[in-house]
Each structure stands twice: as C-alpha cells, then as structure tokens.
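Those protein sequence lines, which keep their order, are chains U and C.
Going by the numbering used here, the letters in the first sequence line up with residues 1 to 269, in that order.
Going by the numbering used here, the letters in the second sequence line up with residues 1 to 269, in that order.
Just so you know, these hints were derived from the structure itself, not from any lab.
It is possible that some hints are incorrect.
As the list makes no split between identical chains, a pair holds if one copy fits it or if it spans any two.
To be verified - Straight-line Cα separation of at most 35 Å, DSBU-like style, residue types lysine-lysine; simulated pairs:
1. Lys238 x Lys191
2. Lys263 x Lys237
3. Lys263 x Lys230
4. Lys248 x Lys97
5. Lys248 x Lys50
Number of protein chains: 2
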Amino acid sequence: MRSAFYISDGTAITSEVFGHALLSLFPTEFEHHTISFVENTEQALLARDKINKASKRAGELPLVFHTFVNPEIREIIDGCDAVIYNFLEHFIPPLEKQLGIKANPQPHRTHSIHEKSYDNRIDAVNFALANDDGTNISNYEHADVILVGVSRSGKTPSALYLALQYGIKAANYPFIDEDMEHLKIPEFLRKFKKKIFGLTIDADRLMDIRNNRISNSKYASARQCRMELKEVEKLYKKEKIPFINTTKFSVEEITAKILSEMKLRRRKY
Amino acid sequence: MRSAFYISDGTAITSEVFGHALLSLFPTEFEHHTISFVENTEQALLARDKINKASKRAGELPLVFHTFVNPEIREIIDGCDAVIYNFLEHFIPPLEKQLGIKANPQPHRTHSIHEKSYDNRIDAVNFALANDDGTNISNYEHADVILVGVSRSGKTPSALYLALQYGIKAANYPFIDEDMEHLKIPEFLRKFKKKIFGLTIDADRLMDIRNNRISNSKYASARQCRMELKEVEKLYKKEKIPFINTTKFSVEEITAKILSEMKLRRRKY
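Only chain U is shown next, with the shape it has when bound in the complex (with noise of 0.2 Å):
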C-alpha cells in the first residue's frame, strides 16, 4: 500500500491535519506515519531512511507532508524518494508581503505551551471531572456550559474535549428514569437555563451502547430508551433548549455545532 507521512519539528498535528485534509478528498487507502520532533539533521536522516525504506516496499512514491522551516532539515526531507508537500512554503510569501513584515519561524510554535491558555485547558479538564454526570451541582455558576441529556447520549465526551481543545468549562447533568415522569428542569439548574445545551440521539443507537454497558437490562431496552428520548426532547422543545442529535456527529462536529449555538469563546487559539 501506497504510505503518507506526516513529518515535523514538533507535534506533526499540522501536517496531519495538513495532509488528511488533502487526502480525506480521494478515495484512494494510504499506510499513515507520523514522524514528530525531527530536531536535528540525525533525526532528518532517520527519517530519510524510513520513507526511502517505505518507497521501495510500496513500489510506489509515498507522500510526505511536512512544515519544516529549518533549511538543512528541509533539504534532507526534500531530497527522500517520496513526493513533497509543504503548505508554508506556499503562504509564507504572500502573507509577508500582506502583512509587511518577515516571517519568522521557531521551531514547536504552533501546538506548543501558551501560558495562559495551558492553565484554562487543565482548569477545565478538572471542572469537567468534577462536574460530570450530575455529580456536583453546586459549580454551575462557573459553568461555561451545561450539558444535559439521558445517560450515554455523549455528554462527558464532549464536555472533555471543550476542555482540551478549548480550555471551555462545561459541566453535564443526566436526566435519569426518575426524573421522566412529567420531565422539567430541576429548580437548581434553572437559573442557570441560558447556559443549558441539550443533547439527544437516535433510540437504536442509544439502545448499542447501553446493551454494550448492562445488556438486557430495562435500561438499556427498546422501550426505555424511547421513552427517555421522548421526554427529552419533548422537554428540549418546550423549554427552547438548543439541543443536537449526537447520533451521526463526531465529536469534533457535536463541540463545534455547541460553541457555535452558544456563542462561546474559545480560550485557547
């Protein structure tokens, strides 16, 4: 099979994402590697031989994305038996003359340490630990957001990665069987109703993930999840809860559909 590397100084996060963007277009399969942290000439060749080495077993030029700025290391990378592919090289020149200054790259720049950003995203990591699943409801006035929807719906998934990808505090609140009959929004959490995202998803699905949980059980049958579903979104509706089917989004698409409804402002760029 034909290879895709993804190559840099640092992370390779840019380069992956670079380059599945790229990809994700053909329909054609691809072996990744990803070579991070390639600091020295030493590193450069180690990686020269890889890509050489996976050339030769393929048959077939792989493809290597890469960001590197450092001309010895670039030269290296450029000269592998492999096509090259290096976004700066294209959109540093018209972004210099755009905006009338040089650009000047350290190597680990993009997805390096930010002070302030660093201590949001772990602060946020710990507020979604400790306000997960209902678990502590007295923090909700320092919520960003609160998630809220029936068991295994996806809300502390998300509520995780607006922590680490946005240094976002979200909490999450499940509404469980007791609470379905006659389902409102408990009094503690209504004074906080601006900040409440809802979640929902298809009953089929709901039903996958519980049996993989407690299978056989009433919670996890046909009936319960309908009911649950039912009542939640009924809720959703009345209450003018923005609200999202889980179902077929990622989370990428789910934390992104929920910054984007609830207007919230990424701490960390």
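Assemble the complex: chain U is given as a structure, and chain C must be docked to it using the hints.
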C-alpha cells in the same frame, strides 16, 4: 485590531489549524473568529456580512482562511473585503495529477464521524475515566499505555487527550506519599512494565499547582514536592522507564512524545 477568520462547511478545525500554523510565524496580534457549518449560500452571505463589518471596523482587510469546495459558497466568500487563503485550491491539482484520479470533495469530510474510529475513541475515554488515578488496577492488561507519576504531574489530561484524539487506552497510576520510602514499581504493575511511561515536572511548578488545590499543606510544600520528584525520577532511571518532564510542554506535545516513544499506533486518522 485586524481580524482573522476561519471558515468552513464543517467544524472549521482544518481552517483553524491551517491559519494558526501560518499566523504563529508572525508577531502580529489578531482578533480571531471561527465560523463553522456554513452549508448554504444564505449562511455564506451572513458570514460575508461579518467579514465585511470587521474590515470596516479595523480599517484593514481581514485574513480569511477557508477550505470551501462548493463553487457558489466559494464565490461569495472570495468576494468579501478580505485577503483570502484557501489551501485546498493550491494543493488539489498536483495531488490529482500524482494520484491519477479526480478529487471528490464532500462536505464534512475531514472531522466527521468514521464508524470504527468513533467507537475506539469513546471506549478509550471511558477506559481513561474508569482507570484514572489508580482507582482500578484490574484492567491494565487492556491498557495501551500506563502513565505513572506523582499527583498533579499531568497524567489525567494526557490520558484523556490520548483517548479523544487518538483512541488510545491510557490508564494512569499515581505514586503517593506512602509509596515514597524505598519507591519501587508495585508488583501488580511490574508485569506490565513495557506499557509504563513516566511523567515528571519541575518542583516549583508542582508546588504552584498543588497550592492552588490545597494551600499551605504538607502535600504542597517545597520539601514534599522535591522529595517525591527526586524519588520518582530515580525510579524511572533505575528501571529504565521512558519519561518526560511536562513543565514546558503542552498536552499535545506530551502525548505526541508518548506516542513516539512507546511506538503506539493511532486508532484514528
């Protein structure tokens, strides 16, 4: 302040990474705006209004980073009072030539749900939560990696990031005060020694973090922090456990180093 816009018909994550990678090369400050899920001409016209207003407000053309492939939406965005950067446009033609096939752009392609990787990631998040902070030591055979370190050295955020970004199952086990005299790898951990990765941190930074949690405690004292860190680092060296000092690194960098050092395969691309 001059504005930078990141826009797409999906999460806009690709546009954000693309734009940030470029703008981080320049010392200029920008007002950052993300507009996600621009899926039709009506939404594109709303986005154009926002961009044009920002242009007027700042008296400088905003920089717009986008990845639209739909020609009608592109035409609207390209017609804004702004400087437009679209990296797909530049890289698609050479890639089509190289692969010998036409690109087949679909909306929501890059960060949308992929059946297998979705389950991997949610499973991995649940695993990280269930095996956080030594709460559960019976599941280590299912772990891809076991992070060890003193309390507040960065284990939990790293484990959650490995789960959410890469679908990797990371348990974490804390070395606590009681372990410190004659610190060694606990028996139940020893058989998984190949999975162990150590974290450490500078004593001053650890004191700050612990003081934020429980101020003026023995736990947060200089003496205690230094002693614990000295012991764990001695252990890592003696047992040849790979480790990283997290003080100066972001979660992205810490996890990229873990992946690289432990030769872990990403379960998500």
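Consistency of the hints with the structure:
In this homomeric assembly, Lys238 and Lys191 come within 35 Å of each other (Cα to Cα) only inside a single copy, at 17 Å, whereas the closest approach across copies is 55 Å. Proximity of Lys263 and Lys237 under a CA criterion of 35 Å is satisfied intra-copy only: 20 Å inside one chain copy versus 48 Å between copies. In this assembly of identical chains, the alpha carbons of Lys263 and Lys230 lie at most 35 Å apart only when taken from the same copy (27 Å versus 46 Å across copies). For the identical chains of this complex, Lys248 and Lys97 are inter-copy neighbours only, at 33 Å across copies versus 42 Å inside a copy, given an alpha-carbon limit of 35 Å.
Taking identical chains as interchangeable, the C-alpha atoms of Lys248 and Lys50 lie at most 35 Å apart only when they sit on different chains, with a minimum of 29 Å there against 37 Å within one chain.
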